[in-house]
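A.B. asks: 183 is the number that this note's numbering gives to position 183 of the sequence shown; each next residue is one higher, with no gaps.
These are calculated hints, taken from the structure and not from any lab test.
Treat the hints with care, as some may be off.
What the hints assert, rightly or not - Ranges of calculated distance between the beta carbons of each label pair, as one might list FRET restraints: (1) Cys177 - Gln50: 11 to 21 Å; (2) His83 - Val143: 27 to 37 Å; (3) Glu196 - Ile35: 27 to 37 Å; (4) Arg179 - Lys129: 28 to 38 Å; (5) Arg19 - Tyr156: 44 to 54 Å; (6) Arg63 - Gln152: 24 to 34 Å; (7) Asn17 - Gln50: 15 to 25 Å; (8) Lys130 - Val37: 40 to 50 Å; (9) Glu196 - Glu175: 44 to 54 Å; (10) Val143 - Ala3: 46 to 56 Å; (11) Leu104 - Glu191: 18 to 28 Å; (12) Gly4 - Val37: 42 to 52 Å; (13) Ser140 - His106: 24 to 34 Å; (14) Pro51 - Val85: 50 to 60 Å.
Claimed, not checked - Straight-line distance between alpha carbons at most 20 Å, and here's what the computed EDC-like set of lysine to aspartate or glutamate pairs gives: (15) Lys78 - Asp134; (16) Lys169 - Asp187; (17) Lys204 - Glu99; (18) Lys129 - Glu196; (19) Lys65 - Asp6; (20) Lys130 - Glu99; (21) Lys129 - Glu158; (22) Lys169 - Glu159.
Note that the coordinates shown come from a computational prediction; the quantities given were computed from them, not determined experimentally.
Idealized CB from N, CA, C, for every residue including glycine.
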Amino acid sequence: SVAGVDVRLAVVHGLANARRVAEQVKAKECTYDLIEVMTCPGGCIGGAGQPIARDRADAKRLRAKGLYATDKMLEFHKSQENHMVAECYAKHLGNVGGEKAHHLLHTGYRSRKRIRETELDLLNGANAKKLKVDVCVGTSCMVRGSQQLLHQLIRYLEEHGLQNDIDIKATFCFERCGRGPTISVGDTVIEKCTFEKACKALDKELEKMKISQQA
């Protein structure tokens, strides 16, 4: 009850449960004024910020159980009931939701991408028919050596006079971050790519192009 008005609230965790509740609301099987959805199974206790465990399902269950057990023993369950929080506002932050509190307790975010566009042309071949090569430069692939791989590939193509047969782009992202550096040569995606693997794939695809042009 808020200011004499009854408000129906629901808290749901996990996208499967969120879908179930959404379908119930659409079917008018239940009615809520506010629905809080936590996408992590079990809520924040099952999120990526928690220590990794081998038996993840059991670890999450035990963590949640421990959290609820600890919460029952705490003196305060709501931040607005904590006298230390009230004292902090009185001494330092001013009014709740006020300008000073907002300035000190909120932050802003901006893009940290090294490349603004989703793709960046690095080598554009002059020939009509060219082989397309994409190299992922997302953070995970970068730390695994994709930038060095890019330089090696461009140098290899220039040294062998193949630069007009190839289009090379730096791109985001193959969604294979744990198996980088990742590149694509034509329709072939290569994970954990090395310079040797890339050259082998390039030579193979260029040979196929040469044969098809002669046919």
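A.B. asks: Would you mind marking each hint as holding or not holding in the structure?
C.D. replies: Going through the hints against the structure:
The hinted range of 11 to 21 Å is satisfied by cysteine 177 and glutamine 50, whose Cβ atoms lie roughly 20 Å apart. Roughly 46 Å separates the CB atoms of histidine 83 and valine 143, a value that falls outside the hinted 27 to 37 Å. Distance hint for glutamate 196 and isoleucine 35: a CB-CB separation of about 53 Å, inconsistent with the stated range 27 to 37 Å. The hinted range of 28 to 38 Å is satisfied by arginine 179 and lysine 129, whose Cβ atoms lie roughly 30 Å apart.
For the hinted restraint 44 to 54 Å between arginine 19 and tyrosine 156, the CB-CB distance of approximately 49 Å keeps it satisfied. Between arginine 63 and glutamine 152 the CB atoms are about 45 Å apart, so this pair departs from the stated range of 24 to 34 Å. At about 19 Å, the CB distance of asparagine 17 to glutamine 50 agrees with the hint of 15 to 25 Å. Separation of lysine 130 from valine 37 is about 47 Å and conforms to the stated range, judged on CB atoms against 40 to 50 Å.
One distance hint, 44 to 54 Å for the beta-carbon pair glutamate 196 and glutamate 175, is violated here, with the actual separation near 24 Å. A hinted range of 46 to 56 Å holds for the C-beta pair valine 143 and alanine 3, which are about 53 Å apart. Between leucine 104 and glutamate 191 the Cβ separation comes to about 45 Å, which falls outside the hinted range of 18 to 28 Å. At roughly 27 Å, the beta-carbon separation of glycine 4 and valine 37 lies outside the given 42 to 52 Å, and the hint is violated.
Distance hint check for serine 140 and histidine 106: the Cβ-Cβ separation is about 29 Å, which falls inside the suggested range of 24 to 34 Å. Distance hint check for proline 51 and valine 85: the Cβ-Cβ separation is about 27 Å, which falls outside the suggested range of 50 to 60 Å. A distance of roughly 51 Å separates the Cα atoms of lysine 78 and aspartate 134; the hinted pair therefore is violated under the 20 Å criterion. For the proposed pair lysine 169 and aspartate 187, the alpha carbon gap of about 14 Å is at most 20 Å, so the pair holds.
Of the pairs offered as hints, the one joining lysine 204 and glutamate 99 is violated, with about 63 Å between alpha carbons and a cut-off of 20 Å exceeded. Our distance criterion of 20 Å between C-alpha atoms is broken by lysine 129 and glutamate 196, whose separation comes to about 24 Å. Taken as a hint, the lysine 65 and aspartate 6 pair is broken in the structure, with Cα atoms around 30 Å apart against an allowance of 20 Å. This hinted pair does not check out: lysine 130 and glutamate 99 have alpha carbons roughly 58 Å apart, beyond 20 Å.
As the CA atoms of lysine 129 and glutamate 158 are separated by approximately 18 Å, the hinted pair is consistent with the 20 Å bound. This hinted pair checks out: lysine 169 and glutamate 159 have alpha carbons roughly 19 Å apart, not beyond 20 Å.
The structure shown violates the earlier hints numbered 2, 3, 6, 9, 11, 12, 14, 15, 17, 18, 19 and 20.
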